[in-house]
Amino acid sequence: MATKPSDSRWLDCINVILLVLAGVIVMTPTAWMVLSSFKPSHEVTAYPPTLIFAPTVENYVTLSEQTPFLSYAVNSLIVTVGSTLFGLLFGAPAAFVASWTRITWPAVVALMARMAPGTLFLLPWYVMFRQVDMIGSYWALILTHAVITLPIVIWVLLPYFDNIPRSIFEAAQVDGCSPFRIFRRIALPLVASGLAVSAILAFVFSWNFFLFSLVLSNSQTKTLIAASFNFIGEGSTNWGGLMAAATIIALPPLLLAAIVQRWLISGLTLGAVKG
Amino acid sequence: MASITMRNLVKNYGNVTVIPGLDLEIADEEFIVLVGPSGCGKSTLLRVLAGLEAIDGGDLMIGDRRVNELPAAKRDIAMVFQDYALYPHMTVRQNMAFALEMRGLSAAEIAPRIEEAAKLLDIQPYLDRRPKALSGGQRQRVAMGRAIVRDPQVFLFDEPLSNLDAKLRGQVRAEIKTLSKKLRTTMVFVTHDQIEAMTMADRIVVMKAGIIQQVGTPEEVYENPANLFVASFIGSPSMNFLPVEVQADQLRLVDGSLLPTTLMAGQAAGHKSLTLGIRPEHFEVVGEGQGIAADIRLVEPLGSDTLVHAFAAGQEVIARVSPDLRPVTGQRLWLSPASGKAHLFDPETEVRIDGTGKVN
Chain A
1 MATKPSDSRW
11 LDCINVILLV
21 LAGVIVMTPT
31 AWMVLSSFKP
41 SHEVTAYPPT
51 LIFAPTVENY
61 VTLSEQTPFL
71 SYAVNSLIVT
81 VGSTLFGLLF
91 GAPAAFVASW
101 TRITWPAVVA
111 LMARMAPGTL
121 FLLPWYVMFR
131 QVDMIGSYWA
141 LILTHAVITL
151 PIVIWVLLPY
161 FDNIPRSIFE
171 AAQVDGCSPF
181 RIFRRIALPL
191 VASGLAVSAI
201 LAFVFSWNFF
211 LFSLVLSNSQ
221 TKTLIAASFN
231 FIGEGSTNWG
241 GLMAAATIIA
251 LPPLLLAAIV
261 QRWLISGLTL
271 GAVKG
Chain B
1 MASITMRNLV
11 KNYGNVTVIP
21 GLDLEIADEE
31 FIVLVGPSGC
41 GKSTLLRVLA
51 GLEAIDGGDL
61 MIGDRRVNEL
71 PAAKRDIAMV
81 FQDYALYPHM
91 TVRQNMAFAL
101 EMRGLSAAEI
111 APRIEEAAKL
121 LDIQPYLDRR
131 PKALSGGQRQ
141 RVAMGRAIVR
151 DPQVFLFDEP
161 LSNLDAKLRG
171 QVRAEIKTLS
181 KKLRTTMVFV
191 THDQIEAMTM
201 ADRIVVMKAG
211 IIQQVGTPEE
221 VYENPANLFV
231 ASFIGSPSMN
241 FLPVEVQADQ
251 LRLVDGSLLP
261 TTLMAGQAAG
271 HKSLTLGIRP
281 EHFEVVGEGQ
291 GIAADIRLVE
301 PLGSDTLVHA
311 FAAGQEVIAR
321 VSPDLRPVTG
331 QRLWLSPASG
341 KAHLFDPETE
351 VRIDGTGKVN
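These protein sequences, in sequence, are chains A and B. First residue of the first sequence? That's 1 in my numbering, and the numbers climb one at a time after it. First residue of the second sequence? That's 1 in my numbering, and the numbers climb one at a time after it.
Excised from the complex, chain A in its bound form (with noise of 0.2 Å):
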């Protein structure tokens, strides 16, 4: 049997030891609210923490009972597949006129409105919302969360709209076919899986974001993770509600993510490649 070199035997160490630090760092905090969550009440701020517990469902039964979680979740999921699909629709065009023609600034432009803090842009929406009358319109939150599932359309499809060959787009052009239909029928179909993964993660960052639901919705429309903000008083803070909100939110976009990884790894790497 044939023996690794002892620098790959190394390399492999340190390969595991990073990985296994990677984990820690990003599963301690998960652990850490999902074990919260069904602690009672005095043990969730005890330290040090308590690993071995009588576990209990009460922050889940008090969260139903004080909050209508249920017409939270349902506000949720409007405003974030309205503003994925708001994405899709504007972002996927974008993306491939841009790569198209090779003009990107455009993409730059939309990438940097993502990176600029949402404050930003609270107050112009504010100002622009109430005088059209839409705050607290499911309407007002689709469309300012555009601003974070646009760009993320847009980027996450960019290169693979880069990575089909041209010719095939001018064999299309030869065959007749205008560009919205090149579109339409060439490129959308060739960047599938792109259109899933950009999908997917427009979803989460839109379901996770609280800031413009905190200042544009009402108590009709208010989303999930909006809401779970009502644990923290000015006096005290409910932390085994606030875990259990924490969950329960936590749940869709983790649970999407498990189903298609293989997707969204191909596809960040495509985007890390060409990018």
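Mimicking SDA-like on lysine to any residue, the simulated pairs with C-alpha atoms at most 20 Å apart in a straight line are:
1) K119/B to G137/B
2) K132/B to P189/A
3) K208/B to N227/B
4) K341/B to A293/B
5) K74/B to S167/A
6) K132/B to I164/A
7) K74/B to S3/B
8) K132/B to L188/A
9) K181/B to L120/B
10) K341/B to G216/B
11) K182/B to T199/B
12) K181/B to D202/B
13) K341/B to P280/B
14) K272/B to D249/B
15) K119/B to A108/B
16) K132/B to S193/A
17) K182/B to E115/B
18) K272/B to D346/B
19) K74/B to S178/A
20) K132/B to P165/A
21) K182/B to V172/B
22) K132/B to N163/A
23) K74/B to F180/A
24) K132/B to R166/A
25) K132/B to S167/A
26) K74/B to P179/A
27) K74/B to R185/A
28) K132/B to R185/A
29) K272/B to A248/B
30) K132/B to L190/A
31) K74/B to R181/A
32) K167/B to D193/B
33) K74/B to E170/A
34) K177/B to T199/B
Keep in mind the hints are simulated off the structure, nothing from the lab.
Based on these hints, arrange chain B on the given structure of chain A.
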């Protein structure tokens, strides 16, 4: 079926002029091969013909129509790309039907055309496969099928054989030529491979730096190259070029050996210094002391004949000789051009001097 006319056609990329004003007439049903080294503008010219690149000056006519501003979709042309450019998410049948669907033909009209083209190209067993499941040769056939099924006025081929292995290339080359005779459609074929050009073309267009160097039948271009560039580009191995001085009715080579001007295709009279061009296959092995002394450096037996790389008249030359000669490295041969087969070129203008002694 249509003729193609280019009048003073200009193509620029920004400040760079790729085609500085080109005139060319392609007859209806003619098979034209554009050939030249990389960067000579042949593919650009094809893309201009296809409508994939805008024209910056002059006129382009397909048949009686001026198509300068016409988009690719409306030029009634079909193109076979170097990488075939098949739609990966469609089956072979869908690939072939796509252009017809775009024209608004019904499924009932499309089906028989696909069957006919598939039969012609022998791709019926693959109609329901995706391109990924096909070999290079099969993909090439499908790309041809996609073009044929449209029954266009003009076929354009952009180096479609360059991704095939040598054996398959020869086979497909013959198939395309046979097909061109059957379809009787105007065809423009781009290649950098002079063998493809020679074997397939009705006429060859040799290009360099966006300028046409010569247009002619394969025989004309091979036997009477217009200039040093064409002479060196057409033919494999390349023509040998030797500097000579004209001395009365003889040519004096660098090593002092003399060749009678009567052996030349052109007349040397009136010139002082010339470039002598001899194709490897036009060398004859002559008796000792005659012709040019050639010391063999390398022998390449090809079976049907043997290539001899030798040092003669101060430089490396290649001669194609009979394998019966059994040449060996280190041996000295005496070579002379076959009568009427050696060409003379003006070293300054690089133009060939024809039989009358004039530059072409």
